[in-house]
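**Student:** This is what each chain is made of:
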Amino acid sequence: MSERDEIRRKELDEVIEHYRGQEGGLIPVLQKAQEIYGYLPEVVQERIARGLNVPLSDVYGVATFYSLFSLKPVGDYKIGICMGTACYVKGAADIVDRVGSELGIKVNETTADGRFTLEVTRCIGACGLAPVLTVNKDVYGRLIPDEIPGILSKYKDM
Amino acid sequence: MAFYRSHVLVCGGTGCTSSGCQKVQEALATSLKREGLDKEVAVVQTGCFGFCRLGPIVIVYPEGAFYTQVKPEDVPDIVTEHLIKGKLVERLLFKEEMHEKPVSLYGDIDFYKKQHRIALRNCGAINPEKIGEYFAVDGYQALAKVLHTMTPQEVIDTIKASGLRGRGGGGFLTGAKWEFAARAVGDKKYVVCNADEGDPGAFMDRSVLEGDPHTVLEAMAIAGYAIGASQGYIYVRAEYPIAVERLRTAIAQAREEGMLGENIFNKGFSFDIELRLGSGAFVCGEETALLASVEGKRGMPRPRPPFPAVKGLLGCPTIINNVETLANIPPIILKGVEWFTSIGTERSKGTKVFALAGKINNTGLVEVPMGTTLREIIYDIGGGLPGGKTFKAAQTGGPSGGCIPVQYLDIPIDYDSLAEIGSMMGSGGLIVMDETSCMVDIAKFFLEFTQDESCGKCTPCREGTRQMLEILKRITGGQGKPGDIELLEDLAETIKAASLCGLGQTAPNPVLSTLRYFREEYEAHINEKRCPAGVCQALLNYRIEPEKCKGCGLCAKECPVGAITGERKSPFVLDAGKCIKCGACVAKCPFKAISR
Numbered sequence: 009m010s011e012r013d014e015i016r017r018k019e020l021d022e023v024i025e026h027y028r029g030q031e032g033g034l035i036p037v038l039q040k041a042q043e044i045y046g047y048l049p050e051v052v053q054e055r056i057a058r059g060l061n062v063p064l065s066d067v068y069g070v071a072t073f074y075s076l077f078s079l080k081p082v083g084d085y086k087i088g089i090c091m092g093t094a095c096y097v098k099g100a101a102d103i104v105d106r107v108g109s110e111l112g113i114k115v116n117e118t119t120a121d122g123r124f125t126l127e128v129t130r131c132i133g134a135c136g137l138a139p140v141l142t143v144n145k146d147v148y149g150r151l152i153p154d155e156i157p158g159i160l161s162k163y164k165d166m
Numbered sequence: 027m028a029f030y031r032s033h034v035l036v037c038g039g040t041g042c043t044s045s046g047c048q049k050v051q052e053a054l055a056t057s058l059k060r061e062g063l064d065k066e067v068a069v070v071q072t073g074c075f076g077f078c079r080l081g082p083i084v085i086v087y088p089e090g091a092f093y094t095q096v097k098p099e100d101v102p103d104i105v106t107e108h109l110i111k112g113k114l115v116e117r118l119l120f121k122e123e124m125h126e127k128p129v130s131l132y133g134d135i136d137f138y139k140k141q142h143r144i145a146l147r148n149c150g151a152i153n154p155e156k157i158g159e160y161f162a163v164d165g166y167q168a169l170a171k172v173l174h175t176m177t178p179q180e181v182i183d184t185i186k187a188s189g190l191r192g193r194g195g196g197g198f199l200t201g202a203k204w205e206f207a208a209r210a211v212g213d214k215k216y217v218v219c220n221a222d223e224g225d226p227g228a229f230m231d232r233s234v235l236e237g238d239p240h241t242v243l244e245a246m247a248i249a250g251y252a253i254g255a256s257q258g259y260i261y262v263r264a265e266y267p268i269a270v271e272r273l274r275t276a277i278a279q280a281r282e283e284g285m286l287g288e289n290i291f292n293k294g295f296s297f298d299i300e301l302r303l304g305s306g307a308f309v310c311g312e313e314t315a316l317l318a319s320v321e322g323k324r325g326m327p328r329p330r331p332p333f334p335a336v337k338g339l340l341g342c343p344t345i346i347n348n349v350e351t352l353a354n355i356p357p358i359i360l361k362g363v364e365w366f367t368s369i370g371t372e373r374s375k376g377t378k379v380f381a382l383a384g385k386i387n388n389t390g391l392v393e394v395p396m397g398t399t400l401r402e403i404i405y406d407i408g409g410g411l412p413g414g415k416t417f418k419a420a421q422t423g424g425p426s427g428g429c430i431p432v433q434y435l436d437i438p439i440d441y442d443s444l445a446e447i448g449s450m451m452g453s454g455g456l457i458v459m460d461e462t463s464c465m466v467d468i469a470k471f472f473l474e475f476t477q478d479e480s481c482g483k484c485t486p487c488r489e490g491t492r493q494m495l496e497i498l499k500r501i502t503g504g505q506g507k508p509g510d511i512e513l514l515e516d517l518a519e520t521i522k523a524a525s526l527c528g529l530g531q532t533a534p535n536p537v538l539s540t541l542r543y544f545r546e547e548y549e550a551h552i553n554e555k556r557c558p559a560g561v562c563q564a565l566l567n568y569r570i571e572p573e574k575c576k577g578c579g580l581c582a583k584e585c586p587v588g589a590i591t592g593e594r595k596s597p598f599v600l601d602a603g604k605c606i607k608c609g610a611c612v613a614k615c616p617f618k619a620i621s622r
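Protein chains in written order, with this note's numbering: chain A, 9 to 166; chain B, 27 to 622.
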């Protein structure tokens with residue numbers, strides 16, 4: 009096991025320890041585990057199931073029910089295009105098309121180099137700035153498709 | 027205590043944060059320091075002012091000068107002109123669409139003049155990260171009053187008498203809910219705040235959480251006292267990172283100041299609050315699904331009764347109130363029932379916050395008395411539609427609601443009037459649409475949403491929404507058949523009647539309401555294979571009108587598939603066989619000569 013794996017596993021064990029025996033602890037543990045690993049691989053789900061003493065089927069059931077959990081690795085930069093009503097009527101679909109064609113991927117795909125993942129998200133509540141996209145925690149609003157290459161280039165060189 | 031001659035308020039809501047308010051605030055701090063004014067002028071980061079279109083927004087008090095779209099490079103002007111010389115920086119002042127002269131003062135702006143802010147009273151007025159500022163605006167006074175002078179039953183009676191109804195969508199009487207939970211037998215009881223604002227197009231709860239988190243904590247403690255609970259949970263969306271952070275800060279500060287925790291105000295009442303983060307499931311806004319999620323399970327609803335007030339979280343009596351509802355509680359306790367019931371209509375008291383978005387000039391949050399007309403909200407406060415477009419419909423209530431057509435612009439809006447015309451209050455999202463919005467497409471958009479968010483427990487909802495969506499896709503794709511409308515109506519009835527929770531029971535509403543008011547649009551799609559709004563790509567037929575075409579050739583240059591040909595200075599021709607209907611030519615044509 010690499011050093012990085014060991015650190016992450018230790019972190020995960022601490023989280024499990026903290027929530028063990030607490031009612032409703034499974035979802036917070038999965039949220040923290042995803043922060044640590046970026047997604048929820050099978051081995052992590054197994055470790056959580058054992059640690060919290062709940063059936064693996066429960067862990068898997070919860071992990072697949074909520075849309076913010078991912079069972080597949082995601083890119084370094086997660087691009088989320090808001091598909092709330094306000095963004096939709098202001099042309100969010102054109103933004104999705106443009107980001108997709110710039111990166112050569114479809115929605116819910118990751119670029120081959122592992123840098124970008126493209127997702128459409130539920131309303132993020134920035135309706136006053138529609139249409140909106142997020143790159144990790146950065147928010148870009150009042151978009152037109154021609155602005156997309158400029159935004160992406162900021163992250164391509166990072 | 028430090029005394030400042032001026033306060034510069036910088037909006038730190040999600041909207042302004044993405045417009046770059048952080049840099050403006052930093053620039054202000056450096057600039058003030060350089061001029062030696064940092065002991066005279068305070069910079070305050072507040073919650074949302076509601077006027078998201080024009081962010082970042084900066085207000086300078088005591089004058090109340092309202093500066094919009096402020097960039098870091100504008101800061102030196104604000105400092106030297108306004109704060110040193112005492113002159114307004116005219117070029118940054120807000121300009122009303124209708125008026126020529128800029129409006130200098132916050133209170134003079136049409137957007138704010140007709141508003142009546144109760145739930146949003148502190149948003150944009152105080153620093154949400156400092157409990158001291160909340161104290162300064164009578165924060166936690168209501169909790170003190172309740173603990174010192176009222177019995178739990180008196181609190182319940184007050185809320186009942188105020189007529190406050192749930193602002194999250196249901197419109198159930200808040201006081202009645204509290205009474206059920208108070209009477210229910212149980213060793214443990216819980217107060218849960220539903221901050222899972224999933225309704226697309228609504229963002230008032232986010233604004234309250236970001237701009238005035240303590241009001242939610244205070245109201246929850248009051249509710250806890252009323253029903254006999256000592257533990258509260260706030261179920262907040264993970265999609266709202268700023269709100270989550272501010273809530274964490276607020277809870278820590280409230281504990282430190284003794285507003286939460288053991289023996290509050292030495293009155294023997296203990297109450298504490300924990301956060302639970304949602305993980306992206308719209309159905310968790312439904313109360314029984316939300317409770318399942320707080321318990322760490324898949325968020326699926328269960329049949330009611332028993333209602334959560336009797337058997338809720340972990341089997342204990344639980345009340346679940348939405349953020350905006352809670353934000354009304356402290357003012358009702360402090361200002362009294364008479365004051366609150368003087369606002370609003372007969373059966374809907376108080377105010378409602380609406381999130382204005384879509385094809386409207388002033389996007390943002392507005393709080394108006396119940397009974398205000400849609401026309402006042404859209405035209406007087408919202409500044410009308412941009413680009414001279416005409417109003418076609420307003421969508422309220424999100425995926426559970428419906429579209430309100432132009433003939434109802436003048437009905438006074440409250441819970442009951444909206445239900446009568448086939449829409450609903452919902453959480454208060456209000457999306458304005460103009461003639462370029464296709465109603466069939468909007469119905470399809472909402473069905474895509476509900477179909478995807480259906481938890482799958484009830485077959486009519488799981489399968490029925492899928493079938494409805496398939497039909498709508500066919501209609502917008504040019505494959506509609508006679509009988510489709512009737513089939514949609516039939517499916518809608520079954521789904522409404524046979525689903526367990528609000529998601530399924532209301533999922534067909536967007537289709538039913540658009541069928542009610544825009545049936546001819548459906549018929550045009552099905553019978554004439556035509557989309558009157560020019561949205562549904564498969565139904566568009568691009569054509570160059572020879573009498574309007576000046577032969578400039580811009581369209582031919584723009585066309586990605588070479589479908590347009592012609593000689594310069596004579597009308598060009600579009601080959602419909604090659605056309606991929608991308609719309610690039612329409613966007614480029616200076617003479618509006620291309621029709622679809």
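Everything labelled a hint here was simulated from the structure, so no lab data went into it.
A few of these clues could be false.
As the list claims (entries may be wrong) - Only pairs whose alpha carbons sit at most 27 Å apart, straight line, appear in this in silico DSS-like list of lysine-lysine:
| # | chain 1 | residue 1 | chain 2 | residue 2 |
| --- | --- | --- | --- | --- |
| 1 | A | K145 | B | K97 |
| 2 | A | K80 | B | K293 |
| 3 | B | K607 | A | K114 |
| 4 | A | K80 | B | K337 |
| 5 | B | K139 | B | K415 |
| 6 | A | K18 | B | K323 |
| 7 | B | K604 | A | K114 |
| 8 | B | K49 | A | K86 |
| 9 | B | K171 | A | K40 |
| 10 | A | K145 | B | K156 |
| 11 | A | K162 | B | K156 |
| 12 | B | K483 | B | K337 |
| 13 | A | K145 | A | K114 |
| 14 | A | K164 | B | K97 |
| 15 | B | K483 | B | K555 |
| 16 | B | K49 | A | K145 |
| 17 | A | K164 | B | K49 |
| 18 | B | K171 | B | K97 |
**Student:** Hints first: check each against the structure and report whether it holds.
**Tutor:** Taking the hints in turn, this is what the structure says about them:
1. Taking the CA atoms of K145(A) and K97(B), the gap is about 21 Å. The hint holds against a cut of 27 Å.
2. Annotation: proposed proximity of K80(A) to K293(B) is violated, straight-line Cα distance about 52 Å (limit 27 Å).
3. Of the pairs offered as hints, the one joining K607(B) and K114(A) holds, with about 20 Å between alpha carbons and a cut-off of 27 Å not exceeded.
4. Restraint check: the Cα-Cα separation between K80(A) and K337(B) comes to about 38 Å, which exceeds 27 Å; the hinted pair is violated.
5. Our distance criterion of 27 Å between C-alpha atoms is met by K139(B) and K415(B), whose separation comes to about 25 Å.
6. For a cut-off of 27 Å, the pair hint linking K18(A) to K323(B) stands: about 25 Å separates their Cα positions.
7. Distance check on the hinted pair: K604(B) and K114(A) sit about 25 Å apart at the alpha-carbon level, within 27 Å; holds.
8. A hinted pair counts as satisfied when its Cα atoms are at most 27 Å apart, and K49(B) with K86(A) qualifies at roughly 24 Å.
9. Of the supplied pair hints, the one linking K171(B) and K40(A) is violated, its CA atoms being roughly 40 Å apart against a limit of 27 Å.
10. Distance hint between K145(A) and K156(B) is fulfilled; the C-alpha atoms sit about 24 Å from each other, no more than 27 Å.
11. Taking the CA atoms of K162(A) and K156(B), the gap is about 35 Å. The hint is violated against a cut of 27 Å.
12. With a C-alpha separation of about 21 Å, the suggested pairing of K483(B) with K337(B) holds against the 27 Å cut-off.
13. Of the supplied pair hints, the one linking K145(A) and K114(A) holds, its CA atoms being roughly 21 Å apart against a limit of 27 Å.
14. Taking the CA atoms of K164(A) and K97(B), the gap is about 26 Å. The hint holds against a cut of 27 Å.
15. For the suggested pair K483(B) and K555(B), the alpha carbons sit about 36 Å apart, so the restraint of at most 27 Å is broken.
16. Using a Cα cut-off of 27 Å, the hinted pair K49(B) and K145(A) holds, with the two alpha carbons roughly 16 Å apart.
17. Restraint check: the Cα-Cα separation between K164(A) and K49(B) comes to about 23 Å, which is no more than 27 Å; the hinted pair holds.
18. Under the criterion of a C-alpha separation no larger than 27 Å, the hint pairing K171(B) with K97(B) is inconsistent with the structure, at around 44 Å.
Going down the numbered hints, you'll see the structure goes against 2, 4, 9, 11, 15, 18, while the others check out.
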